[in-house]
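Let's have the full structure, built from the sequences with the hints guiding it.
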Amino acid sequence: MEPGEIHALLGENGAGKSTLMNVLYGLYQPDEGEILVDGKPLKLKGPSDAIAAGIGMVHQHFMLVPVFTVTENIMLGAEQVRGGIAGFLDRRRARREVAEVSERYNLRVDPDAVIEDLPVGIQQRVEIVKALTRDVDLLILDEPTAVLTPQETEELLTVMRSLRAAGKSIVFITHKLGEVKAIADRITVIRRGKTVGTASPEASRDELAALMVGRNVRLTVDKGTATPGEPMLEVAGLVVDDDRQVRAVDGVDLTVRAGEVLGVAGVQGNGQTELIEAIMGLRPVLAGTVSLGGDRIDGWTTKKVLRAGVGYVPEDRSVDGLVKEFSVAENLVLDIYDRPPFGAGLALKPDAIATSAKERIEQFDVRTSSADAAVGTLSGGNQQKVIVARELSRPLKLFIAAQPTRGVDVGSIEFIHSRIIRERDIGTAVMVVSSELDEVIGLADRIAVMYRGRIIGIVGPDTPREEIGLLMAGISPDAVSERADAAPTGGAATDGGPASDAGSASEDEA
Amino acid sequence: MSDPNPQSGSPDKEPASEAQAAQTALGNTERAEPSTPGRSAPDSEPKPNLGRMFLDNLWAANTFTVTLLSLVLAIVVGAVLMIISDPEVLSTYSYITSRPSDALNSSWTLVSEAYANLFKGSVFDPEAFSGWLNGDNGWQAVLAPISETLTYTAPLVFTGLAVALAFRGGLFNIGAQGQATVGVILAALAGFLLPLPPGLHLLVAVLAGALGGAIWGFIPGILKARAGAHEVINTIMLNYVATYFLTWLIVQNGVQDPTRPDAISQAVDTSAQLPRLLGDNLRVHAGILIAVLATWGVAWLLNRSTLGFELRAVGANPDAARTAGISVTRTYTLIMVFSGILAGLGGSNMVLGSTASALTPLVVAQIGFDGILVALLGRVKPWGVLLAALLFGALQAGGNRMQSYSGISLELVTVLQALIVIFIAAPALVKAIFQLRAARAARLQTSLAKGW
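If you read the sequences in order, they're chains A and B. In terms of the numbering used here, the first sequence opens at residue 2 and continues consecutively. In terms of the numbering used here, the second sequence opens at residue 1064 and continues consecutively.
Misleading hints may appear alongside valid ones.
Calculated lysine-lysine pairs in the DSSO-like style (CA-CA distance at most 30 Å, straight line) [stated by the list, open to error]: (1) B:Lys1494 to A:Lys46; (2) A:Lys325 to B:Lys1494; (3) A:Lys304 to A:Lys359; (4) B:Lys1494 to A:Lys44; (5) A:Lys195 to A:Lys44; (6) A:Lys195 to A:Lys224.
Label-pair restraints from in silico Cβ distances [unchecked claim]: (7) B:Trp1363 to A:Arg187: 54 to 62 Å; (8) A:Ala114 to B:Ile1296: 32 to 40 Å; (9) B:Glu1474 to A:Asp111: 57 to 65 Å; (10) A:Arg308 to B:Arg1289: 20 to 28 Å; (11) B:Trp1363 to A:Arg245: 29 to 37 Å; (12) B:Ala1290 to A:Gln30: 45 to 53 Å; (13) B:Ile1296 to A:Asp439: 46 to 54 Å; (14) B:Val1304 to A:Arg245: 43 to 51 Å; (15) A:Gly78 to B:Arg1500: 44 to 52 Å; (16) A:Val68 to B:Glu1474: 41 to 49 Å; (17) A:Gly78 to B:Tyr1468: 55 to 63 Å; (18) B:Ile1296 to A:Pro67: 20 to 28 Å.
Because the hints were derived from the structure by calculation, they are not lab data. Only a predicted model underlies this, so the values are computations on that prediction, with no experimental measurement involved. Note that beta-carbon positions come from the ideal geometry of N, C-alpha and C, so glycine has one too.
What follows is the structure in C-alpha cells.
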C-alpha cells in the first residue's frame, strides 16, 4: 500500500477478503506470515493495536450503538473525560472534535443525531468519521456499498476521493466491478484465499470478472423477447403502512402479465418492500385490491398466497429467507414441508426431503459440504441459491424476487439471472424489485419506478439510465424530457451527473 | 463412571438435528487431526488410530465432555462444602501443619462416606445385595435405590421436556411450576371426586392433569401470540396464581379431608392411582413408563413432524418462518399448550403416583423449577432431558440416604444440582480449568442463551 492510494480488493463471496482484513485489523491472528508496516513487521493482538498502528476499519455490518448519538458513538472506546478521578464524559470536546473532522474531510454529519434515525449511508459516514478521529492512515472499507443506494454509493466514492487527496490510504473491499473501475488506483483479485492477480483499473469488466471467478462470465443478461400473455397479478389502488404506521405505499396500480418480467426500480425505502409484503400477505392491505389470475388475494394468509402458486425471494435473506440453524435440506422445504411428498399428515418424510435436497443442490449448483450442513455456514451467494431453488422448484403463476442478487458474487448473479429469465420463458409472471439499476434494466421487460409510495412512471428497458435515475429521484417524466433535451447524452461519462442530482434530491426530502 | 463405553454411547442416541451438526463437527476435527505433524502413527494398525481420535474428541470441549467435567467439578466443590460445614472435620485443619494426616483422613472419611451413601441410596447398595444372597432380605431391597431414583425421575422428565420443548420453539417457559400445580389440582380433583371404574378413572385423572397444564400454558401462549406479552414475566406471575389457588382450594369444603384439621385434601381413590411396577414395597410406578413414552413422543414431534418443523423454524427465526407461510402466533400458542400438557402430566405424577396421594400446599415440590435445570442439563434435547432427569432423580434419592446416614443436609443435593448447571452454562470456565481443546464451545453457549 502506498500513501494516498485506493487499493481495491476484489473477490467472490467467500474468497477470503474479509478474513484477510480482519487479520489486518487484529481481530483474527495469522497462522503464518507477517504484516509489514513501513517495512517493520507488526504483531497485532487486537483492534486497539491496529488503531495504534494507524489502521482503521469500517465493517460491512456497522459497529454502532443505535440509541446513542453520533458523538457518543464516535467517542465510544476513546472517551474524553474531565474532572480527574470523577471521570465526567467531556461530550462538548468530543462534539467539537467530530465537527472538526467532518468539516476537514467534508463529511457532513449531525453530531447530535441519534444513530437509529439516520439512513444507512449516513451511518456509514459516521463509521468513517469514527475511524478518522482515531488518526488512522489506512482505512479498510469492507463491502461499503453493499447496503447503499446508487446515490449514496456515488457520495461514498466522492468521500473516498477526498480522503485520498488528504493522503489517506484506503483498502476497498468489494465485488462490484463498476465501483472498482470508477475509483481504484490498483486492484488485487483474491480467489479462494489466494492472490490470483493484480490489475489496473483500465482492465475491462470482463477481464476482472474472469479473474475473480476463474472463468469467463456474462455480465449482460442474455434473453430473448418476452411473449406477455394474460395479466397474472393485478394491483389496484393499493395502500399500505410501514412498521411505524407511516404510509409507505400510497395508491399503487400495477399489472404483471404471464411471461414477462416487471422490474420495480427505486431508491430503497420508497415503498417497494411494503408493496411486495402486502402482496405476499405479510402486511395488512389498508385499501385497494390485489388479484392473482382473477382471484382476490388481499386478506389471504401468506401460506395461502404461497400455495396459490406464488414464489417469493425476500429481500433480506438472513432475516426473512432462511433459518440459519437449519440444514440446507430443511431450508429447501421451508414453505412446502407439510405438502406431499415432504409431509403426510403430521409426519415429515425425511427421506423425501433428503432426496429432493440432493437433486436441487445439483440443479441449482449450491456449493455445500452436504445437504445436512447448516445453511448459515454457506456463503451469501449459495444461501441465495438455496432460496431461489426452493421457490422455483414448484409450479408458479407469479414469481416475486426482491433484491435477488444483493451481496451475491458474480458467478451466482449470472446463474440467478438466467433462472429468472427461464422462469419468465415458461410463462410465469415475474416481478423483480432491485435497487441495482443495472439489474432491473438487464432483467425487466417493463420497468416501474417507485417514488414515495407511488409508481411515478413505467418505462421500457431501453430507456436511458439517466432518465430512470431522474424518475427514481422523483422528477416526473415531463421534467425528464426537458432535462434530456438540455443535457447532451454522452453514455457512461455522464453517469455521475444524474446520480448526484438524485442524491441531493433525496437529501432534500430528509 | 470409569468405564468409557456407556458414556460414549449416550451422545449418539440423541436424535436431534443439533446432535447431527455436533457429530459433523466432531467429524471435522477428526479429519483435521492427521494433518497436524507428528500425530500420524503409520506403524500401528488402523484400529488404535480410531481410539486415539476418540480420546482426542473426549478431551475436546464437546457437549458430552463438558457435561461430564461439570459433574466432576460440582462434586469437588460439594466436597469442599461438606468439609467446611462439618465443625469436627474443620477443627482438624487448625493444626494441619503439625499433623496433616488428621485433616486429610477425616476429610476423606467424611466426603467418601457421604458420596458412597449418595451412590448407595440411588443406584446400588452392595450390603443389600449380599444380604439378598445370604437370605437376610428380599430382592426388593436390592432394587430399592433404583426404585427411589426412578420415582424422583418421572415428574422431572415431564417438566424438563416441557421447558425443553418451549425452548426449542424460542420461548422460555419459567411456568412449568404453575402448569404442574394446576395439573396436580385437576388430577387430584378427578382422582377423588369422580366415581369411575378402575382403569378409566386413572386415564381420566391423568388427562385431567394434562388439561390443567394445557390451560395454564395456553394463557401465556395466547398473550404472547396476540398481545406480545413476554412469556417469562407472565409464566412467573401465573406460578404465584397457581400456587395460592392450590393453597386456597385445599381448605374448601368438599376438597379438604374432613377428618383432618390441617391443609390436606381428600386422598385420591386407589382406582385413579398409577400402578406400582415392582410390588407394594417399592415406590416406582407407571409414571416412569409414561415419561419414557413422552420423551419418545417429544423427540418424534420435534424431529419428525410438521408441527415440530414449524416449532423449530419459529424458534430459530420467526421472521423467516412467517415469510414461509408458517403462522407464528398459532405456533407460539401451540408450543405453550404442549409445554403445559407435559408440565401438567408431571404434576399429576406427584399425586397419582407414590409420592403423595392427596393435595398439600407443597405437593408439587420444586419439579417445575428443577425442570428448567433438567432441560438445560439435557441440552434441550428430549433424550438428553431423560438422562438429566435420571441424574437429578438419583441425586435426590441418594440425598435422602446421605442425610440420614452421613448427616449431610439434603440441601447439599440442591447445591450440587445448581453447581452442575452453572458449570454447564459456562463452558468456557470448564474449558479453562481442564485445558480442553476448543471444539464448538461457542455452540454450547448459544444453545443455552437462546430464548432470551
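Hints and how they fare:
Of the pairs offered as hints, the one joining B:Lys1494 and A:Lys46 holds, with about 22 Å between alpha carbons and a cut-off of 30 Å not exceeded. With a C-alpha separation of about 27 Å, the suggested pairing of A:Lys325 with B:Lys1494 holds against the 30 Å cut-off. With a C-alpha separation of about 25 Å, the suggested pairing of A:Lys304 with A:Lys359 holds against the 30 Å cut-off. Distance restraint check for B:Lys1494 and A:Lys44: the Cα-Cα separation of roughly 27 Å lies within the 30 Å cut-off, and the hinted pair is therefore satisfied.
Of the pairs offered as hints, the one joining A:Lys195 and A:Lys44 holds, with about 22 Å between alpha carbons and a cut-off of 30 Å not exceeded. For a cut-off of 30 Å, the pair hint linking A:Lys195 to A:Lys224 is broken: about 34 Å separates their Cα positions. Taking the beta carbon of each, B:Trp1363 and A:Arg187 are about 59 Å apart, inside 54 to 62 Å as hinted. Distance hint check for A:Ala114 and B:Ile1296: the Cβ-Cβ separation is about 34 Å, which falls inside the suggested range of 32 to 40 Å.
Checked against the hint of 57 to 65 Å, the pair B:Glu1474 and A:Asp111 passes, with Cβ atoms roughly 59 Å apart. At roughly 24 Å, the beta carbons of A:Arg308 and B:Arg1289 sit within the given window of 20 to 28 Å. Between B:Trp1363 and A:Arg245 the Cβ separation comes to about 43 Å, which falls outside the hinted range of 29 to 37 Å. A C-beta distance of roughly 48 Å is found between B:Ala1290 and A:Gln30, which places it inside the suggested range of 45 to 53 Å.
Restraint check, B:Ile1296 to A:Asp439: a C-beta distance of roughly 50 Å satisfies the suggested window 46 to 54 Å. The hinted window of 43 to 51 Å between B:Val1304 and A:Arg245 is violated, with their beta carbons roughly 36 Å apart. Taken as a hint, the range 44 to 52 Å is violated for the pair A:Gly78 and B:Arg1500, whose Cβ atoms sit roughly 32 Å apart. Remark: the range hint 41 to 49 Å for A:Val68 to B:Glu1474 is upheld by a beta-carbon distance near 44 Å.
The beta-carbon spacing between A:Gly78 and B:Tyr1468, approximately 58 Å, falls within the hinted interval of 55 to 63 Å. At roughly 24 Å, the beta carbons of B:Ile1296 and A:Pro67 sit within the given window of 20 to 28 Å.
The earlier numbered hints that this structure contradicts are 6, 11, 14, 15.
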